[in-house]
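Colleague: Below are the chains, spelled out letter by letter.
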Amino acid sequence: MADIISVRDVTKAYPGGIMAVDTLSLAVEEGEFVTLLGPSGCGKTTTIRMIAGFEIPTSGRIYLAGEDVTELPPYKRQVNTVFQDYALFPHMTIRENVGYGLRVAGVPRVEIGRRVDETLGTVGLRDKAEARPATLSGGQKQRVALARALVRRPKVLLLDEPLSALDAKLREAMQVELKHLHQKLGITFMFVTHDQTEALVMSDRVVVMDRGRIVQAASPSELYDHPATPYVANFVGASNMIAATVAALSGPSLTIRTGGGEIRCAANGRRFEIGDHVVAAVRPEKVAPRAAEAPPEGHSLIPGRVVDGLFHGNSYRLEVTLDDGAPFLVDIPLKTGASLADMPSPGATIELVVDPDTVSVFPAEREGSR
Amino acid sequence: MKAITRRRLLAGAVVSPPLLWTLAFLFVPYLIMFTYSFYLKQFPMFAPAFQFGNYLAILIDPQYYQVLLRTFKIASIVAVSALLIAYPLTYFLVFQLKNKRLRTALYMAVIVPLWVSYLLRAYTWKTILGTEGVLNSFLVWTGILDQPSDIFLYNQFSMALTLTYIFIPFMVMPIYTALEKIPRSMVEASKDLGVGPVRTFLRITLPLSMPGMIAGLTFTFCLTFGDFIAPFLVGGPNGFMIANILQTQFGAALNWPLGAALSIVMLAIVLTIISVSDRLERAGRLDMD
Amino acid sequence: MTSAAQGIGGDRAAAPARGRWGLSPRFQERLGGHILGLIAASAMVFLYLPIVVLIIFSFNDNRSLTLPLRGFTLRWYEAFLGNENMLVAIKNSLYVASIATTLTVIIGTAAAFALDRVDFPGKTVFRRLMLLPLALPGIITGISMLNLFRVVGFNLSLETVILGHATALVAIVVTQVYARLQRFNRRLEEASSDLGARPWQTFFMVTLPNIRSAIVGSALLSFTLSFDEIPVTFFLTGRDNTLPMYIYSTLRRGITPEINAVGTVIVVLSLGLIVLSVSLLRQTEET
Numbered sequence: 001m002a003d004i005i006s007v008r009d010v011t012k013a014y015p016g017g018i019m020a021v022d023t024l025s026l027a028v029e030e031g032e033f034v035t036l037l038g039p040s041g042c043g044k045t046t047t048i049r050m051i052a053g054f055e056i057p058t059s060g061r062i063y064l065a066g067e068d069v070t071e072l073p074p075y076k077r078q079v080n081t082v083f084q085d086y087a088l089f090p091h092m093t094i095r096e097n098v099g100y101g102l103r104v105a106g107v108p109r110v111e112i113g114r115r116v117d118e119t120l121g122t123v124g125l126r127d128k129a130e131a132r133p134a135t136l137s138g139g140q141k142q143r144v145a146l147a148r149a150l151v152r153r154p155k156v157l158l159l160d161e162p163l164s165a166l167d168a169k170l171r172e173a174m175q176v177e178l179k180h181l182h183q184k185l186g187i188t189f190m191f192v193t194h195d196q197t198e199a200l201v202m203s204d205r206v207v208v209m210d211r212g213r214i215v216q217a218a219s220p221s222e223l224y225d226h227p228a229t230p231y232v233a234n235f236v237g238a239s240n241m242i243a244a245t246v247a248a249l250s251g252p253s254l255t256i257r258t259g260g261g262e263i264r265c266a267a268n269g270r271r272f273e274i275g276d277h278v279v280a281a282v283r284p285e286k287v288a289p290r291a292a293e294a295p296p297e298g299h300s301l302i303p304g305r306v307v308d309g310l311f312h313g314n315s316y317r318l319e320v321t322l323d324d325g326a327p328f329l330v331d332i333p334l335k336t337g338a339s340l341a342d343m344p345s346p347g348a349t350i351e352l353v354v355d356p357d358t359v360s361v362f363p364a365e366r367e368g369s370r
Numbered sequence: 001m002k003a004i005t006r007r008r009l010l011a012g013a014v015v016s017p018p019l020l021w022t023l024a025f026l027f028v029p030y031l032i033m034f035t036y037s038f039y040l041k042q043f044p045m046f047a048p049a050f051q052f053g054n055y056l057a058i059l060i061d062p063q064y065y066q067v068l069l070r071t072f073k074i075a076s077i078v079a080v081s082a083l084l085i086a087y088p089l090t091y092f093l094v095f096q097l098k099n100k101r102l103r104t105a106l107y108m109a110v111i112v113p114l115w116v117s118y119l120l121r122a123y124t125w126k127t128i129l130g131t132e133g134v135l136n137s138f139l140v141w142t143g144i145l146d147q148p149s150d151i152f153l154y155n156q157f158s159m160a161l162t163l164t165y166i167f168i169p170f171m172v173m174p175i176y177t178a179l180e181k182i183p184r185s186m187v188e189a190s191k192d193l194g195v196g197p198v199r200t201f202l203r204i205t206l207p208l209s210m211p212g213m214i215a216g217l218t219f220t221f222c223l224t225f226g227d228f229i230a231p232f233l234v235g236g237p238n239g240f241m242i243a244n245i246l247q248t249q250f251g252a253a254l255n256w257p258l259g260a261a262l263s264i265v266m267l268a269i270v271l272t273i274i275s276v277s278d279r280l281e282r283a284g285r286l287d288m289d
Numbered sequence: 001m002t003s004a005a006q007g008i009g010g011d012r013a014a015a016p017a018r019g020r021w022g023l024s025p026r027f028q029e030r031l032g033g034h035i036l037g038l039i040a041a042s043a044m045v046f047l048y049l050p051i052v053v054l055i056i057f058s059f060n061d062n063r064s065l066t067l068p069l070r071g072f073t074l075r076w077y078e079a080f081l082g083n084e085n086m087l088v089a090i091k092n093s094l095y096v097a098s099i100a101t102t103l104t105v106i107i108g109t110a111a112a113f114a115l116d117r118v119d120f121p122g123k124t125v126f127r128r129l130m131l132l133p134l135a136l137p138g139i140i141t142g143i144s145m146l147n148l149f150r151v152v153g154f155n156l157s158l159e160t161v162i163l164g165h166a167t168a169l170v171a172i173v174v175t176q177v178y179a180r181l182q183r184f185n186r187r188l189e190e191a192s193s194d195l196g197a198r199p200w201q202t203f204f205m206v207t208l209p210n211i212r213s214a215i216v217g218s219a220l221l222s223f224t225l226s227f228d229e230i231p232v233t234f235f236l237t238g239r240d241n242t243l244p245m246y247i248y249s250t251l252r253r254g255i256t257p258e259i260n261a262v263g264t265v266i267v268v269l270s271l272g273l274i275v276l277s278v279s280l281l282r283q284t285e286e287t
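Residue numbers (this note's numbering), protein chains in the order written: chain A, 1 to 370; chain B, 1 to 289; chain C, 1 to 287.
Simulated from the structure, these hints should not be mistaken for lab results.
All values derive from a computational prediction rather than experimental measurement.
Misleading hints may appear alongside valid ones.
Claimed, not checked - Listed below are several chain C residues computed to face chain B (Cβ distance under 10 Å; list not exhaustive):
#	residue
1	L36
2	L54
3	L65
4	F72
5	L74
6	Y77
7	L81
8	Y95
9	I99
10	L136
11	V151
12	G153
The C-beta atom is built at its ideal place from N, Cα and C for all residues, glycine as well.
Full structure from sequences and hints, please.
Modeller: What follows is the structure, given as structure tokens:
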């Protein structure tokens, strides 16, 4: 399918040498749900603003549906934005807000009325058409902002952290709604967030950014299971990060030696030499205490001592100290029938079973580089 | 058109008219006045020159510097008097009136006369204080005086009274804004901790309202300093201020160079006071968060 | 903070029972409250006394302004309505105020936008100069512009008065509109542009409606002040008088009760306009 958005080597630099975006290239397919994910200051908002037209790149080009729009003002681009603070016009009713984009385009009044009604119906706010934004709740305002952008039938919908002002429950509900909306409308969604759960839930593809650059762009599961760098491993989901050295190599696998024991893992296409300093990332929920039966072939056993246990509702988190004193987190899912009494208690010694396919190994780098 | 160029053109279109206006009417005139202040008075108007005679005259000739000092005195008295009346009034509005609508209504009632004809309000004091005026006829009518007294009008007292009256609303405005900003929780906390109301006021409320007080004092002082209406209406023979002298230079006396020099001196005094008060205000401004 | 103080066990019983001068804090507060109320009431009476006197005496059937009151009459109103010169002066004042206000709105709004959005060399000086007439006595603005007109060769007329008023009053519009702009959410303009509106559409449909109250409020204020303006007008008037100049020259010759009549009308109208203006401007602050 054709690329609907093509960002080529775009840089945005500010006076003083600050580079918000650094030679970034990105291609988005038509109909994709793409999310830009990263902490504040990583450049994700600047990128989306350049696509929308609110900022002009210092260098590089941006193409929308094949057309070079780099210098075009926002009102000449076929994209529409949903803002973090909704930016609803306070002096207009909901109906006037939603119809605004059609009004300035000169669409006949009758047609505006029809399309506004239709879109308000899609977001479920037809009964609030004559209200003013100030009287609406956060979730309702958000839906108005959506409706206002969608009524113009844009090719691309840009969403700049639209859910961050909502409370947790509402957020979750909106995430699902947006996903369904995307499937129903079939247009391209570009979403910006710092919340990795959000990104995983909604996206076809997640682009993880750090300090103006793309660190990894992949599907949510790929990102989760095979993070490209320690940064991604730590940012997306939680990871235990263990410092180790390479002890042995055998084909696609290797054995690393940590302060607490030896772990077998997969090389995942990276090249290592014996003696290399590495960092291993292991997700807490991929590790389990040794059960009664013997661990499967190839799994590693790591000894440790339980320090504390925390009840997390649907899981139980163990805080473990390994033999070399390093901390380690283990998440045990609480299935039906499980009781807290079965959990290892503080002070108990424990052996952790680690599946080599769940360990991501990265070369240890100097502080500050990713 | 390139985006940058578009933005620059628009910015230029917005900035130019006010900028040109300021240049033409708020900058060039002062330059001209500054130049004139060095000229010599010569029939019929004046002759170009570069001499400090005009400034010297202001410093040395008692008819000028005495009036200057008198103006300073009156302006100070008016500023302080206005403050002494305005502050309790404002404090009452902000802290004693719980009902917000009543407070806003009364505040408006205080502020609104500020913008009603200055001339007329000053004029009514003339009618009230004169020998044939309301005050005298009231005093005679009630028997307090045997006959009308002329001590109420045409002197520095009547001028100070009139000007104080005019400037009370001027003083109330910034103090009101400053007092409103003080978080009530601060005052309550102080009282909760056992500090009496007087000391709470002195230690907390008063210092926090300082920027408002300074703004009000500055405005009142500067505007009183340059006033010629009140002296004309109620000042009497010894009540004229520096602005009246300035007035005559451009009127009957036809001494434009001296007038220009006086204007520059006035301008300098006012500018100095404004910048000093600006600095004081900034130093006194505290973060309320 | 309050609850913390309460938590430490500091309820009123623990506070000193006797403050200074042997009075309990409670009593001090009540006494202080009453004294303040008294001062406030006296101040309000003081503020409105001259206005009330003006209005009362405009209906008093007596040439001189003494007590006791003689009788109700409208003859001073009739007199001023029949006074040709005064009516012409009023017409002139309306003319001057309208044009001057229009100028202040255009220049002032542009200046407010310039200060809020554009960075240019000399911006600080520009701002200071523009706001100077707020604290600067009008006489200096008047004299300086008189010098300007002399150098340029303009004869004094109502038009020079207009220019003087506009210069002296533009600061009012600038401060109010600027304050409103600072509070205005620029995102709204971005949203408008994002939805396809060209810059002029965004300005008229989004920006302007949101700063309208500041513009109208300050325009009303500017109009009222222009109507009453003296110091600047004094130096820039040609043959035609504005109303305040006319009253001023009349006062030179002596007091006539007609002044009370026209004064009452001015006061009442001004009060109306100003109340309207201030309510609009306070909307500016609250939004």
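Colleague: Determine for every hint whether it applies to the structure shown.
Modeller: Structure-based check of each hint:
| no. | hint | in the structure |
| --- | --- | --- |
| 1 | L36 | holds (4 Å) |
| 2 | L54 | holds (5 Å) |
| 3 | L65 | holds (5 Å) |
| 4 | F72 | violated (17 Å) |
| 5 | L74 | violated (19 Å) |
| 6 | Y77 | violated (15 Å) |
| 7 | L81 | violated (18 Å) |
| 8 | Y95 | violated (18 Å) |
| 9 | I99 | violated (14 Å) |
| 10 | L136 | holds (6 Å) |
| 11 | V151 | holds (6 Å) |
| 12 | G153 | violated (13 Å) |
Hint compliance for this structure: hints 4, 5, 6, 7, 8, 9 and 12 are not met, and every other hint is.
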